[in-house]
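In the order they appear, the protein sequences are chains A and B.
In terms of this note's numbering, the first sequence opens at residue 7 and continues consecutively.
In terms of this note's numbering, the second sequence opens at residue 18 and continues consecutively.
Just so you know, not all the hints are guaranteed correct.
One-sided and incomplete, this derived list gives chain B residues near chain A with beta-carbon spacing under 7 Å [stated by the list, open to error]:
no. : residue
1   : 77
2   : 80
3   : 345
4   : 348
Because the hints were derived from the structure by calculation, they are not lab data.
No residue lacks a Cβ here, since even glycine has one placed at the ideal position from N, Cα and C.
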Amino acid sequence: MEDIKYIEPASLRDEMLHLRNEKKMDFLRSLIGMDWGVPTEGDAPDSTRGLGVVYFLESTETHERTTVKTSTLDREHPELPTVSDIWKTAKLNEREVFDFFGIVFVGNDDMRRIFLRNDWVGYPMRKDDEPEKENPLRMDNEETVDETTEVELNPDGTIKDKENLVFKDEEYVINIGPQHPSTHGVLRLRVSIEGETIKKIDPVLGYIHRGIEKMNESMTYPQTLSLTDRLDYFAGMQSRHALCMCIEKAMGLEVSDRIQYIRTIMDELQRISSHFVFYACLAMDIGATTPWFFGFRDREKIMDIFEETCGGRLMTHYNVIGGVQYDIHPNFVKRVKEFIPYMRGIIHEYHDLFTDNIIAQNRMKGVGYLSKEDVIAFGATGGTGRGSGWHCDVRKRIPYALYDKVNFKEITYNEGDSFARYMVRMDEIMESLKIIEQLIDNIPEGDFRVKTKPIIKVPEGSYYQAVEASRGEFGVFLESHGDKYPYRLHYRSTGLPLVDILDTACRGLKIADLMTIGGSFDYVIPDIDR
Amino acid sequence: MFDFSIVTSWIHTTLTSVMPEGWAVFIECVAIAVWIITIYALLAIALIYMERKVCGFMQCRLGPNRVGKWGCFQVFADVLKMLTKEIFNPKHADQFLYNLAPYLVILASFLTFACIPINKGASILDFNVGVFFLIASSSIGVLGLLLAGWGSNNKYSLIGAMRSGAQIVSYELSAGLSIMTVVVLTGSMSFSDIISYQTNGWLIFKGHIPAVIAFLTYIIAGNAECNRGPFDLPEAESELTAGYHTEYSGMHFGFFYLAEYLNLFIVAAVAATIFLGGWMPLHISGLAGFNAVMDYIPGFIWFFAKAFFVVFLLMWIKWTYPRLRIDQLLSFEWKYLMPLCLANLLLMTIITAFGLHF
């Protein structure tokens, strides 16, 4: 259970600045909106009520972690101070909280809705909101708004509104997406350009927003599992692993070694298959079509392995609370052991065709430079963070499953350009093979599933579990009030920081570089929109 | 070697014997126009089919294999589909320019195509400045692309058109200079003279070092001129969805599509004509028997074999390389390729002046 310190909104900024500057908490892992309801008679004296935010912080130097929360009881005009000037990643996350809970962050210069339509009525994640009542299916098109209202705090404590413009009238703005070959899904980027040069990028999100976090609140724990595969569909195993671990941790359930082995191997297979897709898509974005087929040819082998054991190829639905759905197929070990030498023998084709190509190198080297400070400030984990020299691998930072028992390197590059991000992924394929090789021969006998009660209830409290998904840190935040439904289930998106940092990486570069950089970030849209 | 002019002069004499010469020439012109369009369409179909199969072969796939044996009717089906599709006009487009653009593109392509000699005596346009005419008419095409981009009232199209304008104008210099190297060596701008110069050896062998350089620069520049990978920036599908022809549908899109493939063939055919001997068979001096056997193979087979060989080279390049970026593309042309072509032209002039060629 997480120990969360409560801070009054009035002293929040001082406390946060103290944490940032004195304690060197430079990585805001998660910023989670919460609705703790209205105060009632029977409340314990230390219980938190009202609309609030939970902040998960970590220091990248000392790896010290802390969690703080704040809340306001005002439900008409809830206002909290912003932390977006302390951690850049907070800007987009605060927009998300505003969108779902209606909390206005004083000092955040962009308070537009992020996932929902601009004409949406109400704030759906509030416990007393009825989204279906006031929001019929609208047949008119959504207008894109360019004005945002910033709430500013005057020195005397009063508040004034300030209008900000995202794009000026004379700017040449092109829409890239939501239907576009290289946005990897329904991402819409509004790009202001001058000739071929990018001046500013404004991501418009929410085209595949399904309200998964809201749906979770009316689902029992085993039901919530099926939605994680639909977040990042190239990291289904890992995100479901995170949710299962989180619920198991909350229930105090220990899983057997066999389960740990199977889960770790599956996670790594998923990572390899995701990096194949990364290779294929990046090459496609740069204009080389043939590497696409190389990536997908070999990914197919992993998909076949998944299919034999799980029954599914993309949506595997494999991890369950207390174990895995089925025992591994009798062919599983044999096929994985065939795959490892095959992959080691064929990886040179990938490098011959694409990595060593002079055009590919010119397109990637030095393009989209991100400093280590940038990636930490935006919380861009995964290959993007490691390409800029940030040791952000959750498998090393907070080992889970069997990652403290296996021997593997955390791949980092210091260049911070697209080529570094690309090479991180290519080298990680080889590291994942190494991890699987160490485990595949030693899978112990035992149960593949611990018996659980038919109705799972989780003790009251807040729980957080992070895993290293295919494209960064994926976190599950669970707040339980002791029911069979979660009170709040939040997923830390791996892709949201990547879209956020796109503007920093692309400014002053060409349109073609946007595709390279987007490809090298490797975001998956359903994971961003949730 | 069969001389096709026997056939053409027989037709001409037959026609003039039954009607006045004006009528005869008129009928001949119509027949030739029909002939060009037919060959043009058939070549396009062959090229599209070849592209699909070659690309499949490069990418561990089969390519089309459902419609007809080995999928050979796939392209006919596609052409039929394209012919029956509605031609769509965007609301705020400049209707006149928008509808004119595909015709300009296809016109340029036809004019250029007419310059290429297919067999001995089978060249439609052949006069003393044939090379000049070819370069001039091929550059009408870029006007069509610019109009398409401007007329569509689409931001992607406009960026694509600007890219293609910058690209084609730049690379035309290199292509022209590479052809000039050959003109310097042969001393003629007429295609028939250039081919007859190659009777005892193709120019790529006769002109040795500068000719090989000119061949390579021409292939690169020609590839860029017909907007094919790695120079397919104007229609870079991962950046601009389809570039200048985003808004076109039906046969208007079909014209762009046809012109693109035929331009590929024209580049290959010109390379084959001026560097690889055109319809001339392969002759090795000293081997009289071998040369006699080679002479039995008709000229048009030699021509098409050479042209399709170059087409295959270009397809190989396209399906292997990633795409360049616009600034890399332009700096490659202006900083490396064009100076190289100029130096090469100078080298060829020296070699020709001192008679150092074979």
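Checklist entry - Would the stated hint for residue 77(B) survive a check requiring a Cβ distance to chain A of less than 7 Å? => result holds (6 Å)
Next on the checklist: Interface hint check: residue 80(B), Cβ to nearest Cβ on chain A, cutoff 7 Å. Holds or violated?
Outcome noted: Since the shortest Cβ distance to chain A is 12 Å, the answer is violated.
Next on the checklist: Checking hints one by one. Is residue 348(B) an interface residue toward chain A, by the C-beta closer than 7 Å rule?
Outcome noted: Because about 10 Å separates residue 348(B) from the closest Cβ in chain A, which is outside the 7 Å limit, the hint is violated.
Checklist entry - Hey, does the residue 345(B) contact hint survive, CB to chain A under 7 Å? => result OK, holds: residue 345(B) within 7 Å of chain A, min 6 Å.
The structure does not agree with the numbered hints 2, 4 stated previously, though it agrees with the rest.
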